[in-house]
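Listed below are the residues making up each chain.
Protein chains: 2
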Amino acid sequence: MTAAPLDEDGLIARFFAPIAGPGGLGLRDDAAVIAPPAGHDLVVTVDALVAGGHFFADDPPAGIALKALAVNLSDLAAKGADPLGFTLALALPAGWTADWMGCFARGLGEAAAAHGCPLLGGDTVRAGGPLTLSITAFGAVPAGRMVPRTGAGPGDRLYVSGTIGDAALGLKLRLAGRGAPEGQAHLLDRYLHPRPRLALRAALRRHASGAMDVSDGFVGDLRKMMRASGVAATVDLGAVPLSEAARRFIRDDASGFEVAVTGGDDYEILASVPDAEARAFEAASAAAGVPVAEVGRVGEGEGVAFRGRDGGAVDFARGAFSHF
Amino acid sequence: MTAAPLDEDGLIARFFAPIAGPGGLGLRDDAAVIAPPAGHDLVVTVDALVAGGHFFADDPPAGIALKALAVNLSDLAAKGADPLGFTLALALPAGWTADWMGCFARGLGEAAAAHGCPLLGGDTVRAGGPLTLSITAFGAVPAGRMVPRTGAGPGDRLYVSGTIGDAALGLKLRLAGRGAPEGQAHLLDRYLHPRPRLALRAALRRHASGAMDVSDGFVGDLRKMMRASGVAATVDLGAVPLSEAARRFIRDDASGFEVAVTGGDDYEILASVPDAEARAFEAASAAAGVPVAEVGRVGEGEGVAFRGRDGGAVDFARGAFSHF
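Sequences listed follow chains A and B, in order. Here the first sequence stands for residues 23 to 346, where the numbers follow this note's numbering. Here the second sequence stands for residues 23 to 346, where the numbers follow this note's numbering.
Rather than coming from a laboratory, the hints here were simulated on the basis of the structure. None of these values were measured; they are calculated from a predicted model. Be aware that one or more of the hints could be misleading.
When chains are identical, the list treats them as one kind, so a pair holds in a single copy or across two.
Stated by the list, open to error - Straight line, CA to CA, 20 Å or less: simulated EDC-like cross-link-like pairs of lysine to aspartate or glutamate:
| no. | residue 1 | residue 2 |
| --- | --- | --- |
| 1 | Lys-246 | Asp-121 |
| 2 | Lys-194 | Asp-332 |
| 3 | Lys-194 | Asp-81 |
| 4 | Lys-246 | Asp-29 |
| 5 | Lys-246 | Glu-204 |
| 6 | Lys-194 | Glu-316 |
| 7 | Lys-194 | Glu-324 |
| 8 | Lys-246 | Asp-81 |
| 9 | Lys-246 | Glu-280 |
| 10 | Lys-194 | Asp-31 |
| 11 | Lys-194 | Glu-299 |
| 12 | Lys-194 | Asp-121 |
| 13 | Lys-246 | Glu-266 |
| 14 | Lys-194 | Asp-104 |
| 15 | Lys-194 | Asp-258 |
| 16 | Lys-194 | Glu-304 |
| 17 | Lys-246 | Asp-31 |
| 18 | Lys-246 | Asp-274 |
| 19 | Lys-246 | Glu-316 |
| 20 | Lys-194 | Asp-275 |
| 21 | Lys-194 | Glu-30 |
| 22 | Lys-246 | Asp-332 |
| 23 | Lys-246 | Asp-104 |
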């Protein structure tokens, strides 16, 4: 495999201009233009991913592209923001190929179209280290209405979307190199293909006091949000939603439960919802097609008390998966 | 030197939260908020820099930070945009130290304050390759008024700000490892410390039909802008403004002239200005304290004809310095 003989302009014209949105000006200017809706704030989030840390260098390139965009859209979803577009900075390893780039760009274009979040611009450098992608994504919320991480208040209920731990268990399977046992392919898929919960954004905007996306592990992210909000919480681990595949994994290997609740890459939403809004939030989530489960309560003070499935107190040594 | 024993949250709290702007929410949320001025478009630009490509790994960290921000502000300046803020993605090499990071963050904070462009958010990953920085910068222009690269029209005059070639000659001195001869320290400084021409943005917005920043070499960037605008140009190389230090370099080494006009890292502004606006543009630039020089004319057709200092036609084999 030899590096494709393309300069940066050729690379942009061939692979990225075809997938750019109108604000990207054909990727032929120095900058892109976003016209934010009147009366809206712009929400900006940035997430960088590196081969060997956030994905495997030999993952399918379209999957890498999807993941890089999805982890950023997950942040926008948690903030209640409508996606407007994104920029991409790509640091290429030695020996990248036009084939790889074609698949990557196609995957990125499909993910962007599927989520209504067009590519607006970017930059590409040959870094010679591991493939590193950095996406900055933009969204809009009505002015002053971004759902903050700091908004949880005493008495609020804590909800989590979807199921927790699938991706972390999928990564465990992947690292063990055994492939997926019967009924557990779902876990590998959740690791490779995060699905940002954009469908939940309106319900969060209307009913949640606070939210963040669960990307570095449920236990650690929950502690982080309670700390940021200056409150305490009691969490019922028995109420943490698990997929059928995760349950099956844990039935065979009890250590899987801790992996599930502390491991990363869920890209689900953790939200605090005032008591008076709880039913409306549940109804709006159901109407949006996103399952949510109540997992605990916010209280005064600090720290998170986890109650195990047997009712006893549980502590976690590790708390959060850190990509860093 | 050992890597500093900090996790990502610790690193953010210690080094970056102190230099963040209010929209960065103390870097404790998943996202930042920008409230763009009513009736304005948001201009977005992204530039990535990699050690060994855009700077030397052993450059002073504050200088690296300044350069990473400045090259993005240079794009905003060329688009006539008022800076609003920026995000940073940092891929760290093995063996980074808290000392290095402290100097880097301090330099970044000073550069951000000097240009009124606060840090809003970011992400840091340990990549283990060369240090790679990607900055996405945001600016505002009155709706529909971004100065495009594509706007040059037949009859327009071509202007360039400041002086051309200093940084490329500085890089040449640096690579030769000889230090700066008498009177040429200016060249090394221009390579290390780009000064974005933000002071010119109002003049560009009012009077220019098109503009781009000169970052990859005057000759190549001029060709790029004419191609993007679908026009031709005639350029008088004798009119290209050179600093006293560059003239001195070229007096000793005639090959320096081609390096000066084709080499990168000028971070000056190339603008096309309609004839009727030319005097007003010159006056506005002078009032802003930015020297501008008329270097040529836009015409119908395609291609750029360069007239040498002796009046004859000149062609350039290389045309543009490419970081890529």
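Problem - Homomeric proximity label, Lys-194 with Asp-121: Cα distance no greater than 20 Å - result: Result: close neither inside a copy nor across copies, 29 Å intra and 36 Å inter.
Exercise for the section: Can you give me the call for Lys-194 and Asp-258, within, between, both or neither, at a CA distance of at most 20 Å? Expected result: neither (24 Å within a copy, 64 Å between copies)
Exercise for the section: Using 20 Å as the alpha carbon limit, work out where Lys-246 and Asp-121 are close: within a copy, between copies, both or neither. Expected result: Neither: 41 Å inside a chain and 27 Å across chains, both beyond 20 Å.
Problem - Lys-194 and Asp-104: within-copy, between-copy, both or neither at 20 Å Cα - result: neither (33 Å within a copy, 48 Å between copies)
Problem - Within, between, both or neither, where Lys-194 and Glu-304 count as close if Cα-Cα is 20 Å or less - result: neither (32 Å within a copy, 65 Å between copies)
Exercise for the section: Classify it for me, Lys-194 with Glu-316: is the Cα-Cα distance of at most 20 Å met within a copy, between copies, both or neither? Expected result: Neither, since 27 Å and 64 Å both go past 20 Å.
Practice task
Using 20 Å as the alpha carbon limit, work out where Lys-246 and Asp-274 are close: within a copy, between copies, both or neither.
Solution key: neither (31 Å within a copy, 62 Å between copies)
Practice task
First find the shortest C-alpha distance between Lys-246 and Asp-31 inside one copy, then the shortest across copies, and answer within, between, both or neither for a cut-off of 20 Å.
Solution key: between (42 Å within a copy, 10 Å between copies)
Practice task
With 20 Å as the alpha-carbon cut-off, assign the pair Lys-246 and Asp-81 to within, between, both or neither.
Solution key: neither (30 Å within a copy, 36 Å between copies)
Handout entry: Intra- versus inter-subunit Cα pairing at 20 Å for Lys-246 with Glu-316
Key = Answer is within; shortest intra-copy Cα gap is 18 Å, inter-copy 57 Å.
Problem - Homo-oligomer pair classification [Glu-299, Lys-194; C-alpha up to 20 Å] - result: neither (38 Å within a copy, 65 Å between copies)
Practice task
Go through the copies and call it for Lys-194 and Asp-31: within, between, both or neither, with a Cα cutoff of 20 Å.
Solution key: neither (40 Å within a copy, 25 Å between copies)
Consistency note: the structure conflicts with the earlier hints numbered 1, 2, 5, 6, 7, 8, 10, 11, 12, 13, 14, 15, 16, 18, 21, 22 and 23.
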